[in-house]
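Residue numbers (my numbering): 4 to 802.
The hints are simulated quantities; they were obtained by calculation from the structure and are not laboratory data.
Certain hints may be false.
Stated by the list, open to error - Taking lysine-lysine pairs in the DSS-like style, the calculated list, with each CA pair at most 30 Å apart, reads:
hint	residue 1	residue 2
1	K558	K451
2	K37	K212
3	K327	K13
4	K172	K13
5	K451	K327
6	K327	K558
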Amino acid sequence: MDDMIRRHFKLCILIALELVFAIGMIAGSFGEPKSISFAPGDFIDNIQERPNIVIGSGGISLTYDEDLAVYDDEGRIIGDDLLTGKFAIGSGAYDVSVHYEAEADNAYVELFSESWVTETVSSKIFLTADKEQTSSKLYIPFGRSMHDVQMNIHYMGPGELTVYAVELKEDIRYRWVPVAGYLLLFICLDFLLWLVFAVSGHTAREYVKRHYEIPALVGIVILASLPSFADFLYVGHDMEFHLARIVAVSHEISYGQFPVRMLTDMLQGYSYPTSTFYCDFFLYPFALLYLLGLPLRMCWQMYVITVNVLTALLSYHVFRYISKSRDIGIIGTAVYTLSAYRIVDIYLRSAMGEFTAMTFIPLIVVGIWMLYYEHDTVTPVFWAVTVSASDRCKSDIKSSFIEDDVDAVLRRGWFCLGLGMSAIALCHLLSIEMVSLFLVIFCLMEYKKTFTKPVMIAIGKAALMTVLLSCWFIMPMLLTMRAIPLSMYDHQTYIQAEGAYPTQVFNIFMRGTGYSTTATPMEMPLSIGGGMTSAFAMLIFTMISKGYGDRHRQKVVFVLTSLSLVLSMYFFPWDSIAGITDGRMEGISRLARMVQYPWRFLEITTVVLSVAAVCMLRRYMDSDYGFGYRCKLWTGILLLGTVISLGAFYDPFINEADWTRATDEHYLDKSIGREEYLPSDSGRLIDLPGGVESVEDDGVEIRSYEAAGGERRLELACDGGDSSVLIPLFAYPGYHAEDIATLETIETGSGDNARLCLQIPAGYHGTVRVYYREPWYWRVFEVISVIAFIGYGISILRA
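Using the sequences provided together with the hints, build the complete structure.
Here it is as structure tokens:
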């Protein structure tokens with residue numbers, strides 16, 4: 004022990020300092036939560052004594068009076084502000100609650116400060132007329148405190164606003180968030196230092212020289228994650244929808260629903276089955292972090308950084324395996340991880356499912372590579388090893404070596420293929436649709452290898468693995484689609500207008516703003532970027548040159564690239580396919596409509612060209628007997644094109660994109676996407692009533708209605724005959740009703756506008772509890788997936 008301390012004295016000193024710091028943080032995390040209550044008398048009129056503002060012991064009354072309104076220099080109304088005195092508040096997470104009555108939505112309570120840290124902690128709690136109490140989260144970063152905070156009531160009419168109380172209370176769960184964060188940081192740092200110095204026995208310089216892929220991958224991840232290193236979020240197209248998913252999933256977990264199938268609080272309480280059709284599997288850790296008090300903004304940023312890390316690690320191992328070169332593996336990782344389409348997916352589009360799917364597509368690539376191109380190279384490798392063996396034992400060694408090696412390669416191949424397909428199925432169904440299409444095309448192009456017994460068996464095992472691991476999600480989704488008619492793009496036949504143009508696809512200098520629009524002006528970048536354009540040029544150059552690799556493989560890659568580009572273009576007849584009305588072809592029509600935007604196929608282009616670049620660099624390296632001038636030239640072109648497109652995107656994006664603090668759900672507009680999972684006969688959501696109503700005036704009295712904790716409770720009195728009551732909840736499969744006292748089942752059905760209809764028996768007096776519970780047979784699929792996951796995990800450990 005003494006010898007080890009002497010040899011690693013500096014490392015031991017660092018660990019000791021970390022322990023002291025961690026113990027201090029842990030000790031400071033105990034204690035009672037801080038709480039501050041503001042009574043009406045704590046507020047004062049900051050402008051003048053105005054007659055339309057009455058501050059009494061029971062509440063503060065603000066009545067809008069246009070004659071007393073104050074205007075700024077631009078003629079806009081300055082709200083009737085009431086301020087408290089200044090007070091101090093330390094770092095942490097706080098719940099700010101407001102009790103009030105409002106006749107209009109044009110009011111908010113704000114906690115603000117004039118100090119430099121204001122923008123990181125300012126909080127507005129908007130007061131809406133449909134509530135009597137609302138709350139919001141306030142976060143003050145670790146290690147900071149504020150001494151000039153004030154509470155402000157801001158009201159701009161019309162009507163009257165009455166505020167009864169404002170309370171600020173600390174959420175002590177958040178005290179442990181920075182503790183856990185620093186402990187994780189210390190563990191990772193110490194492990195890295197231990198690996199470099201204690202295990203390797205080298206200096207830091209020697210270790211980096213031997214393992215230069217580590218700093219290279221770290222640099223790639225940092226470049227891909229730059230916009231995530233901020234105390235705010237750059238707003239992407241679908242970000243509100245996915246942030247709302249994180250919030251809703253965290254709520255459902257707190258209600259005891261797991262796995263989450265139905266978002267019971269969405270759509271103003273009507274519920275929405277997003278989780279049944281858009282799997283939340285990879286969201287669960289970050290939804291739990293939000294539930295434990297982490298700001299919503301940080302949950303999203305941590306998700307993006309985690310995905311970038313996984314993408315870099317997986318793609319590096321895949322490209323290194325394919326090329327048998329660390330250098331080419333790093334180059335392929337940089338070109339793929341920093342590719343234009345992927346970066347646009349993450350930041351401008353915020354397409355969470357799609358950019359998560361791109362993390363796992365390399366697993367499918369390496370699986371296909373092993374099945375089709377790897378195991379047939381075992382023989383030459385063997386002959387190189389056994390060339391000096393005696394003739395007597397050569398054949399025996401040869402046969403056993405090849406059999407074992409082929410089996411191992413095939414086993415790894417179908418396992419990677421099945422794992423990759425399963426992961427994509429659990430994050431983005433459209434991606435698995437596109438990947439499956441191109442896998443079929445590839446298998447047909449390589450039919451001589453496809454229709455062989457080993458490959459067919461391996462593909463069958465991969466398909467079975469995909470079904471077993473993902474059936475817990477896929478089967479409930481399919482069963483729900485059969486049970487209830489949904490919108491699901493039934494009327495979308497204008498797909499072709501969303502296609503890309505060649506001038507966009509090969510545009511190296513991308514813009515960082517825009518949306519998907521008709522024509523090209525002001526449209527978002529629909530480009531494969533400089534790196535992929537260079538890879539395509541490299542592919543064409545290699546094909547027309549002599550002596551560079553397998554021509555058949557090059558043709559396969561060229562066909563797949565060209566087909567994915569054609570499918571992404573505006574001239575491909577998507578509208579004709581989507582408009583097919585023949586019943587026998589309706590399935591193809593529906594699949595085409597689900598694509599929505601043809602430029603999605605640039606995802607496939609990006610993957611195929613990344614693999615092509617890696618393979619061609621390997622061929623050039625073989626022909627030059629090392630990393631010669633041709634390898635260096637094409638490497639420089641690939642990396643330069645990638646960096647140019649990345650910089651061209653980042654420059655306008657970070658300067659022009661909208662941004663938000665997004666500390667909690669009160670910053671969201673409860674976006675749900677395109678309402679594709681609404682019942683077909685639900686009508687427009689904006690026209691639906693917000694309360695409970697009886698189907699007919701048949702003697703049923705609705706005494707109260709409450710929605711909380713994922714449940715609805717109705718107190719009813721039915722003095723007449725059998726009655727029916729409609730509640731503001733869509734009649735999705737899985738909703739049940741029972742009497743809260745006797746637990747007797749109340750029959751349910753679908754009523755007007757697909758609302759849940761309760762069949763109330765004659766003479767009923769009591770409280771009905773309406774709750775969601777997934778069908779019991781869905782649990783069977785979950786058990787199957789869990790058993791399969793454990794089984795495949797054990798097989799990996801044994802291998």
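Taking the hints in turn, this is what the structure says about them:
1. The hinted pair formed by K558 and K451 meets the criterion: a straight-line CA distance of about 15 Å does not exceed 30 Å.
2. Taken as a hint, the K37 and K212 pair is broken in the structure, with Cα atoms around 51 Å apart against an allowance of 30 Å.
3. At most 30 Å may separate the alpha-carbon atoms for a hinted pair to count; K327 and K13 exceed this at roughly 37 Å.
4. With a C-alpha separation of about 43 Å, the suggested pairing of K172 with K13 is violated against the 30 Å cut-off.
5. Between K451 and K327 the alpha-carbon distance is near 25 Å, which keeps this suggested pair within the 30 Å criterion.
6. Restraint check: the Cα-Cα separation between K327 and K558 comes to about 22 Å, which is no more than 30 Å; the hinted pair holds.
In summary, the numbered hints that this structure violates are 2, 3, 4.
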